[in-house]
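One letter stands for each residue in the lines below.
Number of protein chains: 2
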Amino acid sequence: METAENTTPRPGDASVPSTVIGLDIGGTKTRGVRFEDGRPVRDESTGSSNVQNVTREVAAENLARLFAMIGGGQVDRVLAGAGGIDTDADARALADLIEPHVPGAEVTVVHDSRLLLAAGGASTGVAVIAGTGSAAWGKNADGEEARAGGWGFLLGDEGSGYWLGREAVRHSLRRMNKGLEPDGLTAALLESCGVDDPNKLIALFHSEDTDRRYWAQRANAVVETAREGLEISRQLLDQAGRDLAELAAQAVRQLGLPGPVILGGGLGMNVEPLQSAFRAGLAAHGITDVRVLDQEPVFGVLQILAEQA
Amino acid sequence: METAENTTPRPGDASVPSTVIGLDIGGTKTRGVRFEDGRPVRDESTGSSNVQNVTREVAAENLARLFAMIGGGQVDRVLAGAGGIDTDADARALADLIEPHVPGAEVTVVHDSRLLLAAGGASTGVAVIAGTGSAAWGKNADGEEARAGGWGFLLGDEGSGYWLGREAVRHSLRRMNKGLEPDGLTAALLESCGVDDPNKLIALFHSEDTDRRYWAQRANAVVETAREGLEISRQLLDQAGRDLAELAAQAVRQLGLPGPVILGGGLGMNVEPLQSAFRAGLAAHGITDVRVLDQEPVFGVLQILAEQA
Chain A
1 METAENTTPR PGDASVPSTV IGLDIGGTKT RGVRFEDGRP VRDESTGSSN
51 VQNVTREVAA ENLARLFAMI GGGQVDRVLA GAGGIDTDAD ARALADLIEP
101 HVPGAEVTVV HDSRLLLAAG GASTGVAVIA GTGSAAWGKN ADGEEARAGG
151 WGFLLGDEGS GYWLGREAVR HSLRRMNKGL EPDGLTAALL ESCGVDDPNK
201 LIALFHSEDT DRRYWAQRAN AVVETAREGL EISRQLLDQA GRDLAELAAQ
251 AVRQLGLPGP VILGGGLGMN VEPLQSAFRA GLAAHGITDV RVLDQEPVFG
301 VLQILAEQA
Chain B
1 METAENTTPR PGDASVPSTV IGLDIGGTKT RGVRFEDGRP VRDESTGSSN
51 VQNVTREVAA ENLARLFAMI GGGQVDRVLA GAGGIDTDAD ARALADLIEP
101 HVPGAEVTVV HDSRLLLAAG GASTGVAVIA GTGSAAWGKN ADGEEARAGG
151 WGFLLGDEGS GYWLGREAVR HSLRRMNKGL EPDGLTAALL ESCGVDDPNK
201 LIALFHSEDT DRRYWAQRAN AVVETAREGL EISRQLLDQA GRDLAELAAQ
251 AVRQLGLPGP VILGGGLGMN VEPLQSAFRA GLAAHGITDV RVLDQEPVFG
301 VLQILAEQA
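First to last, the sequence lines map onto chains A and B. For reference, each letter of the first sequence is one residue, going 1 to 309 in my numbering. For reference, each letter of the second sequence is one residue, going 1 to 309 in my numbering.
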């Protein structure tokens, strides 16, 4: 295993090797794609194999299941992007779980934001993930890296699905405290949660039956009512886009880059009003090379290998 | 057991009965004071006996320990204020645990904010708690009640100790992301947490070893550095005071009251810059009858009984 920083091309590597497995290892899901001669031939997902999110045993099981589906064995390279990989030890722990499935292959573990950048067709720049959580990560041509946000749901996750879901709850409780009738957003949220009274959202939010993903999925109530023209929902998506732009701008400034900034994640790739606010927020910082990701980050692996070849 | 709303004076009650026990039942502590002929003769604390925060067994044990210390037996009245008492069923569950210790006594359970109002010498008005969490609660002469905030640490707790501790962490992480050296607040926070690097605060914040109280206690780092003149810490206390004032103003407006607003809780009673900002925030709403509590809420019980007599 080598981290991205010390991977050196092996003798004879002219370009991308013939059999490559790309892994995108998130906190809730592991996605694996097998590429042969540069074309994806298998694409499967299992549960998380990130040892920071699940036990080592669960991670090992999920990887075994994934490799059973996409095939291990004769593989030249495995490139895995994973959330929360901040140290060589983090990367090593993951690589140890991958190597038994691909004897002889070179296994490289990188931060998952790096996959996102590559999937956006860039080797330097800033990647922004707006999904259940949020984070910005970038690197420049000198190999310097910068991060902004990504501190987890209790401390940040500005502009994320969790943030939108939580703000929808807060909006509903604020109206309740003021003695106002439920508006469209509250109605959509209550229906989505299957409860009949905003007051019940408090216990539900703190319940063990709901988690970050659950509340991130409630962001749909915001997206749908914004589409219907509800002002508060439009405002929340606008705020989310601008907060994400601030994260990105912070990383761009750190790295002394002109761009590009690449927006990914489920919300980032799919919610137009959030994308518009993101572009507007970055334009205010003079950053105009903004790209919305049009393929999943795992497809960034070939780009990374080509850069390293 | 009767909730406050349906308690009626018993025949012959001329004023406060001779032996009264007041209980203030919080999420982490139960405080009990025994009053004889209007004077406190015992004052003790045990762990929480709030069935919303601990198991029924733990609640029963803590109450048994408390009554062993302050004496049960021949008692005329018990008045218990408790957090999270929103329904008659909540109140009943608590009363069931109290009654065996005081056979024949009349047991009344009220929302803990009501104790706070009474301890401030008021029968109508708005009480604001600024401690580990935050909430505003009030009632007017028609018996109408209003609440603002108090949605728990994931959804609100504006201006609370938890909020201050969390903002201190966020400030430290923001500086770290920007590549800046730790300032006075970060240094105080790191020392208070026993870690050497802001990056370690992320895992510590999400760790099972730390809870809401832990982070609320870290508010001390803000209070101390504000005292030394650090601008960011002063700003955080100012924001906390103003956010608490907004909660109070919301409840005041709902109730159509001129005041008073009574500020309690550990932070509310002890942190001068927060109190100033609180007064300033309310003054902006035209509310000038603002009192900082000078005795613990449990001492409000005699006031409540006198009102009911």
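To be clear, the hints were calculated from the coordinates, so they are not data collected in a lab. Each hint should be verified, as a subset may be incorrect.
Only pairs whose alpha carbons sit at most 30 Å apart, straight line, appear in this in silico DSBU-like list of lysine-lysine [as the list claims (entries may be wrong)]:
id : chain 1 : residue 1 : chain 2 : residue 2
1  : A       : Lys178    : A       : Lys200
2  : A       : Lys29     : B       : Lys200
3  : B       : Lys178    : B       : Lys200
4  : A       : Lys200    : B       : Lys200
Calculated Cβ distances over 12 Å to all of chain B for the following chain A residues [claimed, not checked]:
id : residue
5  : Glu36
6  : Arg174
7  : Asn199
8  : His285
Built from N, CA and C at the ideal position, the CB exists for glycine as well.
Beyond 12 Å on every Cβ pair: is that true for asparagine 199 of chain A relative to chain B? At roughly 8 Å from the nearest Cβ of chain B, asparagine 199 of chain A sits no farther out than 12 Å, so the non-interface label is violated.
Taking 12 Å as the cut and beta carbons as the points, is arginine 174 of chain A off the interface with chain B? violated (8 Å)
Under the criterion that the straight-line Cα-Cα distance not exceed 30 Å, is the pair lysine 178 of chain B, lysine 200 of chain B satisfied? holds (16 Å)
Regarding the pair lysine 29 of chain A and lysine 200 of chain B, is the alpha-carbon distance no greater than 30 Å? holds (25 Å)
For lysine 178 of chain A and lysine 200 of chain A, compute the direct alpha-carbon distance and say whether it is at most 30 Å. It holds: about 16 Å lies between the C-alpha atoms, which stays within 30 Å.
Would you mind confirming whether the straight-line C-alpha gap from lysine 200 of chain A to lysine 200 of chain B stays at or under 30 Å? violated (35 Å)
Against chain B, does histidine 285 of chain A hold up as non-interface, every C-beta pair farther apart than 12 Å? Per Cβ check, histidine 285 of chain A is outside 12 Å of chain B; nearest 15 Å; holds.
Checking the smallest CB distance to chain B, is glutamate 36 of chain A really beyond 12 Å? holds (39 Å)
The structure fails to meet hints 4, 6, 7 from the earlier list, while all remaining hints are met.
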